[in-house]
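Peer 1: The task is simple: from the sequences and hints, build the whole structure.
Protein chains in written order, with my numbering: chain A, 102 to 349; chain B, -5 to 215; chain C, 292 to 518.
It is possible that some hints are incorrect.
Here are the simulated lysine to aspartate or glutamate pairs, EDC-like style, with alpha carbons at most 20 Å apart [what the hints assert, rightly or not]:
| # | chain 1 | residue 1 | chain 2 | residue 2 |
| --- | --- | --- | --- | --- |
| 1 | B | K158 | C | D360 |
| 2 | A | K264 | A | E244 |
| 3 | A | K264 | B | D120 |
| 4 | A | K289 | A | E318 |
Here are some chain A residues pointing at chain B (derived, C-beta under 7 Å) [claimed, not checked]:
| # | residue |
| --- | --- |
| 5 | R184 |
| 6 | K212 |
| 7 | R215 |
| 8 | M216 |
| 9 | T219 |
| 10 | H302 |
Simulated from the structure, these hints should not be mistaken for lab results. Positions of the beta carbon are idealized from the N, C-alpha and C atoms, including for glycine.
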Amino acid sequence: MNEKSLPILEVRALRKSFGDFVAVDGVDLTVAPQELVFVIGPSGSGKSTLLRCLNRLEEPTGGSIVVDGVDLLSAKVNINLIRRQIGMVFQSFNLYPHMTARGNVMLALRKVLRMDKTRADAIAMHALERVGLAEKAAAYPAELSGGQQQRVAIARAIALEPKIMLFDEPTSSLDPELAASVLAVMRKLRDSGMTMIVVSHEMRFAREAADRILFMERGAIVEKGPPEWIFGPHAQPRTRAFVAQIIR
Amino acid sequence: MNAIVAQFFNLEIMARTYPILVHGLGMTLLLCFVVVPLGLSGGLVVAFAMQSPWRMLRAFIATLVDFFRAIPPLALLIFIHSGLPFAGIRLDPFASVCLAFFLNTSSYYGEVYRAGIESVGRGQWDAARSTGLSAAQAGLYVVLPQAIRNVLPDLISNTIEVVKLTSLASVVALPELLYSSDMARAVTYNASPLVLAALTYLVLLWPFVRLLSRLEHRVGH
Amino acid sequence: MNGWSLFIDTFFRPDLIVRYLPPILEAVVLTVEIAVLIVATGLIGGLALACARSFEFRPLNLLIAVFADVFRTVPPLVLLVLVYFGLPNVGVTLSSFAVLWLVLSVVLTAFAEEILWAGILSVRRGQWEAARSTGLSFAQTLSYVVLPQAIRLAIPPLTNRSIVITKNVALGSVIGVPEILNVATTAESFVGNSTPLMLGALCYAMLFIPVVLAGRWLESRFAWRRF
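Peer 2: Structural data, given as C-alpha cells:
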C-alpha cells in the first residue's frame, strides 16, 4: 500500500444488521487509489453485504464510509451523484432486457449526466470497445452469452468514469471459458489504473492481480494482507483452512 | 324454431332500429375513451403509492383497493348516483359512471401494475440505482417498461372488462348501447335489437379477445 | 357538527338500520345461495367442456371455441336482459332467479373452459407421452396425470374469475331478483334515505373482502409464474 497517497475509500466500524442478524460486524477498511482489493470468505460471511453498503444499496446501521473525502452517510449527500463515482458489477449481470447493449450503457449517461444523444453514444461505444464488444452494440441481452452480458455490464459501469469499481462475484454465474473473458477485462481495467474491490472465488486471479486480500468470516475481517501472505504458510489457521478448501 | 328467429333474429326490426343503436354505440365509445385512460392512470398512481416507504400510506391504499375490488361495480354506481344526492352531492349520470368506474378500474389496474412491478427482479432496480439513476428514473426507465411487458395480457384483459362494464351505465339511464337497444326492444316488443347490440359488442371486442388468447398462450410454457 | 350529523343521518340512521337490516340479511343469504350455485355449475360446465376439447375432435372444438368467445365477449348484463325479456315471447317462462343463474353459469362456463384449457395445454407433452407409454388410456392419463396439474395451474385465474362473476349477481337487481342491491334500492326509494343503500354496500364489503383476501392468498400459494 502506498502510504503517501490519500486513501480513496475509508471505512470505519461499519455495521449492518438485518433485524437480529448482524451481517457486517464492525469492519475497518482503507483502500488507496488504484489498489485492487480482493475479498474472500465462506458464504454468509457478509462480503456481498459489505460491498453493497459501499454504494448504499444496503443502508449501514452504523459506522462511517468516506469516498474521496465525501462522507457517504451524511444526510446532505446526494446519493445519486455519488453513485456515478462508484461503479458496480453484479453476479447476475442485471442488464436491462428491453434495451440493446448500447442502450444499457447509455441510459445513465443520458438521464444522470444529462448528456445529449451524440455525446452519450460516443462514450457508450468507447466503453463497449474497452470491453471488446463494440460490434455487439445493437444486440439485446438475450442474444448475448453470459460472458458478453457481464462485459456489457462492466461497460455500463465504466462509462460513467467512476473512481472505484465494485465487483460482486462477477464470474460466479459463468462457465470457466466465459469467465476468462470477463477476468481479462478486469485485468485490463486494473492495468489502466482503476481502483477495484472484488468479492470473488477466483483465487488464481487474486494471486496474480490483487494488491491486498481480505478474508472475512461471520461479518468481520479475520485477516488482511498481500496474496503471498494470505496464501502462504504464515497466515492465521482459519485463513489457511479456508484457502485450502477453496484451492482444490 | 320460426318463433325464435322472429323474436331474436328479426332482420326487419334490426334494420329499423339500427340507427338508435349507432347513437348508443357512440356513447359507449365515448365512455371507453374517458374511463380507460382514467383507470390506467389511477392504477399507476395506486401502484406507485404501494411502493412508497410509508407504511400508513401503503395500508390505506391497500384497504381502499380491496374495498373497491370487493364492491360490485353496479352497487358502487347506484350508490354514487342515488345515494350521494341524499348527502347533497348530485352528479349527472355521465359523471357518476366515470367516478364509479374510475374507483373500480383503478383498483384492478393498480393490482395488475403491482404484480408487474413485483415480477421485475430486484437486480434490475439495484443495477439502475447503482449507476446513479434516481428512484423515479429507475422506476420509469427500467422497472416500469419491463413490468408492463410482463403483464400486458392482464392489462388487455382488464381493458376488455372495462368496455363490457360500460353496459352497466344503462342502469342509470345513460344512453349507451345497451340502453338504446333496450329502448328499441320495449318499443318493438321484440328482442332482436338486443341481439344486434350483442353482435355489436362481439364485433367490437372479439379481435382483442383473440389477441389476448394468443398472447396468453405464448407467455405460457 | 352540522356536516357530521347530516352524514350520519343520510347514511347511518339508526331506526332505518334496525328496520332494514333483516330484509337485507335475507337478501345476503339469497345472494350467497345463487353465487354458490353459479360457481358450482359454471366450474363443472367449464371442466366438462375443457375435457371434451382435449379429445381433439375438430368440429366439436370449433363449436366450443366459438361458444367460449361469444360468452366471454358479450357483457353479462346484455345477455341477462336479452334472455329475460326475450324468452317469454317464445313461450319459455323462467323466474328471474333462474334466468340469473342460467346466464351467469353459462358465462362462467365459458371463462372456466378457456382457463382450464390453457392449463391443460401448459402441461408438457412429455407428461402425456410418459403416461401413455406405461399403458394408461387417454381418459386415465387425462384424469390422473394431466388434469391435476392443469387444475393446479388454473386455480388463481379461476378464483379471480369466480369472484368477478359472483359480483355480477348484483346485476340481478335489474331483472328483479331480490338480492342485496335490489332490496337496498327499493328500500331507499321507499324511505327517501340512503341508509339502506349504505347497509347494502357494507354487506357486499363484508361478503367479498374476505373472498378477495382468500383469493389473494390462494394466488400466492399457487403462483402462476410468468418468465
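Peer 1: Hints first: check each against the structure and report whether it holds.
Peer 2: Hint check:
With a C-alpha separation of about 14 Å, the suggested pairing of K158(B) with D360(C) holds against the 20 Å cut-off. For the suggested pair K264(A) and E244(A), the alpha carbons sit about 31 Å apart, so the restraint of at most 20 Å is broken. A hinted pair counts as satisfied when its Cα atoms are at most 20 Å apart, and K264(A) with D120(B) qualifies at roughly 19 Å. Restraint check: the Cα-Cα separation between K289(A) and E318(A) comes to about 30 Å, which exceeds 20 Å; the hinted pair is violated.
Nearest Cβ of chain B to the Cβ of R184(A): about 4 Å, under the 7 Å cut. The hint holds. At about 5 Å, the closest approach between the beta carbon of K212(A) and any beta carbon in chain B falls short of 7 Å, and the interface hint on this residue holds. Hint status for R215(A) relative to chain B: violated, with the closest Cβ pair at about 11 Å, above 7 Å. Interface restraint check for M216(A): the shortest CB-CB distance to chain B comes to about 13 Å, outside 7 Å, so the restraint is violated.
Because the beta carbon of T219(A) sits about 19 Å from the nearest beta carbon in chain B, more than 7 Å, this interface hint is broken. For H302(A), the interface hint is violated, the least distance from its beta-carbon to any beta-carbon of chain B being 20 Å, above 7 Å.
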